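Given next are the chains, with one letter for each unit.
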Amino acid sequence: MEAIFKKLSALSATTILLILSAIFVVLFIYAKPAVQKYGIHFLVDPRWDVSVSLNKNSANNTPNTVNKNMSDNNLNSAPIGENDADVLAALGETNTQSSNNTETIYGGLVPIVGTILSTILAMFFAVPIAMGISIFLAEIAGPKLSKPVGIAIELLAAIPSIIYGMWGLFYFGPFVSHLFGGSSVSLLVAGLVLGIMIIPFMSSLTRDSMNTTPEVLKESAYAMGATKFEVIKDVIFPYAKQGIIGSMILALGRALGETMAVAFVIGGVFTFPKKIIDPTVSIPVVLANNFAESSGISLSALFYLALILFVLSFIVISFAKFYFLRNKK
Amino acid sequence: MRLLINKIVLFLSTLAAVLGLIFLFWILITLTIKGVSALSIHLFTNDLVNNGLRNLFIGQFILALIAVILGVPIGMAAGIYLQEYSFNNKFASFIRNLSDVMMSAPSIVIGTFVYAIVVNPVGHMNGWAGAIALAILMLPIVVRTTDDMLGLVPKELREAGVAIGAPKYKVIFNIIIKAAKVGIMTGLLLAFARIIGETAPLLFTSGNSQYFTLNLNQEFPSLTVAIYTLATMPDKHLVEIAWAGAFILTVFVLIINLLGRYITKEKK
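Quick mapping for you: the protein sequence lines, in order, are chains A and B. For the first sequence, the positions run 1 to 329 when the numbering used here is used. For the second sequence, the positions run 1 to 268 when the numbering used here is used.
In isolation and in its complexed conformation, chain A is listed as follows (with noise of 0.2 Å):
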């Protein structure tokens, strides 16, 4: 019984590694087919769902046939633009050459883009609003403030993201709109939206590790004759250091994944965005819009920007939790 139970939770810890490795593989199977026909070329390209003529590979190879197809069916036997793919479709035999003369490309790089820029600008918004918060609640704010609160902010970080997404949709974003112009989908949007939704999270995570410094560091140093602020710089944040980076990075990775919270407000277009204000798409929001009708070598792609998004996300967390919060346990 000792030795079963034994056996069966080592199993079950095993699952952890299990799961992520097959995470890893299956996606990787699936998105293979798209990762033979792209390549790495993949990342650089930012055409998605374009139908692309390969004529002149085709015509190439097979001038003979079209020529005689053509004087069998036609006896004028007027010479066929290399563009005419009607015509050819018009002809039996020439039917499956034609089909190959356009072809669809996949390319990931505009959602990759978006992705990204959408980060970066949830980050910059982000990170000096939660600081303000963690500063806010572990030095500022007594305790009879702080608590409350500290409390609400993490009631917001439950929130779920649908809920941001909603009201980025309905309100933040004509909002926005209305100040800096363009429409209320926007990259900016996104990304505001983005910010909002991990500040709760990067404030909690950042007063948490603020407030493990000891007390006796901050008195001598208030015995200086410092000022909360000195203190603040000097004493509380090189102490901190390690955790509060670390909580921004896993804010970073959060951020990076998110769906719902960006599909609302991103516009979901394949184009690059030339402005702030411009609508754009990140590689979640591909995935949510897309997933469900897509078969054959688009969801191949599909799959292939979902082991991207796990790749880079895995990246980031493990970053996070390997050099920056490592010595917590």
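The reader is advised that the hints may include incorrect statements.
Below are the DSS-like pairs computed for lysine-lysine, each with C-alpha atoms no more than 25 Å apart in a straight line [claimed, not checked]:
(1) Lys-7(A) - Lys-170(B)
(2) Lys-6(A) - Lys-236(B)
(3) Lys-228(A) - Lys-7(B)
(4) Lys-155(B) - Lys-265(B)
(5) Lys-34(B) - Lys-6(A)
(6) Lys-6(A) - Lys-155(B)
(7) Lys-90(B) - Lys-6(A)
(8) Lys-265(B) - Lys-147(A)
(9) Lys-7(B) - Lys-218(A)
(10) Lys-168(B) - Lys-181(B)
(11) Lys-233(A) - Lys-7(B)
(12) Lys-32(A) - Lys-6(A)
(13) Lys-7(A) - Lys-34(B)
(14) Lys-181(B) - Lys-7(A)
(15) Lys-168(B) - Lys-90(B)
(16) Lys-265(B) - Lys-181(B)
(17) Lys-233(A) - Lys-218(A)
(18) Lys-7(A) - Lys-7(B)
(19) Lys-178(B) - Lys-265(B)
(20) Lys-265(B) - Lys-144(A)
(21) Lys-34(B) - Lys-168(B)
(22) Lys-155(B) - Lys-90(B)
(23) Lys-241(A) - Lys-228(A)
(24) Lys-147(A) - Lys-7(B)
(25) Lys-170(B) - Lys-155(B)
(26) Lys-144(A) - Lys-7(B)
(27) Lys-181(B) - Lys-241(A)
(28) Lys-7(A) - Lys-155(B)
(29) Lys-7(A) - Lys-90(B)
(30) Lys-170(B) - Lys-181(B)
(31) Lys-168(B) - Lys-6(A)
(32) Lys-7(B) - Lys-6(A)
Hints were generated in silico from the structure; no laboratory data involved. Keep in mind that this is a model prediction, so the values were computed, not measured.
Place chain B on chain A using the hints.
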């Protein structure tokens, strides 16, 4: 000068705090106003096909409940292994870190994974796939909670149990888990609150259904997925229903969170 800088910085961080809180309360207030004004008894008695939310509430709850049934035993066993059997060896700390990394994995990627292993072989979206996705999402949270809470149990309790000759699994089940019961319960409640509000992993695993169903082999009604679809509809009335759903979901999640806090506080 130093005092001035001090004042400026303190003012700025208070301002940042106020600004952040304004945004966050803006969200809650609009949610409450829109949600309450759209509330009606019909939402609880009709299914989505008749502009109600009944099947969605029940569906979402069932999905989360099955996820708990699937995820909690494995997660707790893994947590017990990490804390009680591993003696903090390298493998255990590796698993511990890995589980933390998995906790922050994008939930939509979990959805694509479950799509690949469950939905694709079956050929259509089904309730089981959604529940499995939520279970995978929940697993690392349960591991972390169990691991942390068992770590708080004093060593003397274990030694006392072993000293009277009890086998280790009995010590774990009858002594250690009992001592850590409240903490683990709280953690499980919070994990439940986290997964019941998830949308992304359900979008293409369990999908959504307009009708009341308990059959997990077909597309399954989900409140969050429905909110996503309804909120983007041109029909004003449907958008109102989405707000009502969002409001009820948020209230539910917040109540579970407060409940978790309350239990911990009572114990302390």
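Going down the list of hints, with the structure as the test:
Using a Cα cut-off of 25 Å, the hinted pair Lys-7(A) and Lys-170(B) holds, with the two alpha carbons roughly 15 Å apart. About 57 Å separates the Cα atoms of Lys-6(A) and Lys-236(B), which puts this hinted pair outside 25 Å; it is violated. Restraint check for Lys-228(A) and Lys-7(B): the C-alpha separation of about 9 Å stays at or below 25 Å, so the hint holds. The hinted pair formed by Lys-155(B) and Lys-265(B) meets the criterion: a straight-line CA distance of about 23 Å does not exceed 25 Å.
As the CA atoms of Lys-34(B) and Lys-6(A) are separated by approximately 52 Å, the hinted pair breaks the 25 Å bound. Of the pairs offered as hints, the one joining Lys-6(A) and Lys-155(B) holds, with about 19 Å between alpha carbons and a cut-off of 25 Å not exceeded. As the CA atoms of Lys-90(B) and Lys-6(A) are separated by approximately 17 Å, the hinted pair is consistent with the 25 Å bound. Under the criterion of a C-alpha separation no larger than 25 Å, the hint pairing Lys-265(B) with Lys-147(A) is consistent with the structure, at around 14 Å.
Pair hint Lys-7(B) plus Lys-218(A) holds up; C-alpha atoms about 18 Å apart against a cutoff of 25 Å. For the given pair, Lys-168(B) sits about 18 Å from Lys-181(B) by alpha-carbon distance, which is consistent with the 25 Å threshold. A distance of roughly 14 Å separates the Cα atoms of Lys-233(A) and Lys-7(B); the hinted pair therefore holds under the 25 Å criterion. About 38 Å separates the Cα atoms of Lys-32(A) and Lys-6(A), which puts this hinted pair outside 25 Å; it is violated.
Taking the CA atoms of Lys-7(A) and Lys-34(B), the gap is about 52 Å. The hint is violated against a cut of 25 Å. Taken as a hint, the Lys-181(B) and Lys-7(A) pair is honoured in the structure, with Cα atoms around 23 Å apart against an allowance of 25 Å. Only pairs whose Cα atoms come within 25 Å are accepted, and Lys-168(B) paired with Lys-90(B) is accepted, the gap being roughly 22 Å. As the CA atoms of Lys-265(B) and Lys-181(B) are separated by approximately 14 Å, the hinted pair is consistent with the 25 Å bound.
At most 25 Å may separate the alpha-carbon atoms for a hinted pair to count; Lys-233(A) and Lys-218(A) meet this at roughly 11 Å. Of the pairs offered as hints, the one joining Lys-7(A) and Lys-7(B) is violated, with about 60 Å between alpha carbons and a cut-off of 25 Å exceeded. At most 25 Å may separate the alpha-carbon atoms for a hinted pair to count; Lys-178(B) and Lys-265(B) meet this at roughly 17 Å. Between Lys-265(B) and Lys-144(A), the direct Cα distance comes to roughly 17 Å. Compliance with the 25 Å bound is thereby established for this hinted pair.
In summary, the hint linking Lys-34(B) to Lys-168(B) is not supported, as the alpha carbons are separated by about 55 Å, beyond the 25 Å threshold. Pair hint Lys-155(B) plus Lys-90(B) holds up; C-alpha atoms about 21 Å apart against a cutoff of 25 Å. Proximity of Lys-241(A) to Lys-228(A) is assessed by CA-CA distance (about 17 Å); at most 25 Å being required, the pair is judged to hold. With a C-alpha separation of about 23 Å, the suggested pairing of Lys-147(A) with Lys-7(B) holds against the 25 Å cut-off.
Between Lys-170(B) and Lys-155(B) the CA atoms are separated by roughly 15 Å; this keeps the pair inside 25 Å, and the hint holds. At most 25 Å may separate the alpha-carbon atoms for a hinted pair to count; Lys-144(A) and Lys-7(B) meet this at roughly 22 Å. Our distance criterion of 25 Å between C-alpha atoms is broken by Lys-181(B) and Lys-241(A), whose separation comes to about 34 Å. With a C-alpha separation of about 23 Å, the suggested pair Lys-7(A) and Lys-155(B) falls inside the 25 Å cut-off, and the hint holds.
Proposed proximity of Lys-7(A) and Lys-90(B) is supported: the alpha carbons are some 18 Å apart, at most 25 Å. At most 25 Å may separate the alpha-carbon atoms for a hinted pair to count; Lys-170(B) and Lys-181(B) meet this at roughly 15 Å. Restraint check for Lys-168(B) and Lys-6(A): the C-alpha separation of about 9 Å stays at or below 25 Å, so the hint holds. The straight-line distance between the Cα atoms of Lys-7(B) and Lys-6(A) is roughly 59 Å, outside the 25 Å bound, and the hint therefore fails.
Of the numbered hints stated above, those contradicted by the structure are hints 2, 5, 12, 13, 18, 21, 27, 32, listed in ascending order.
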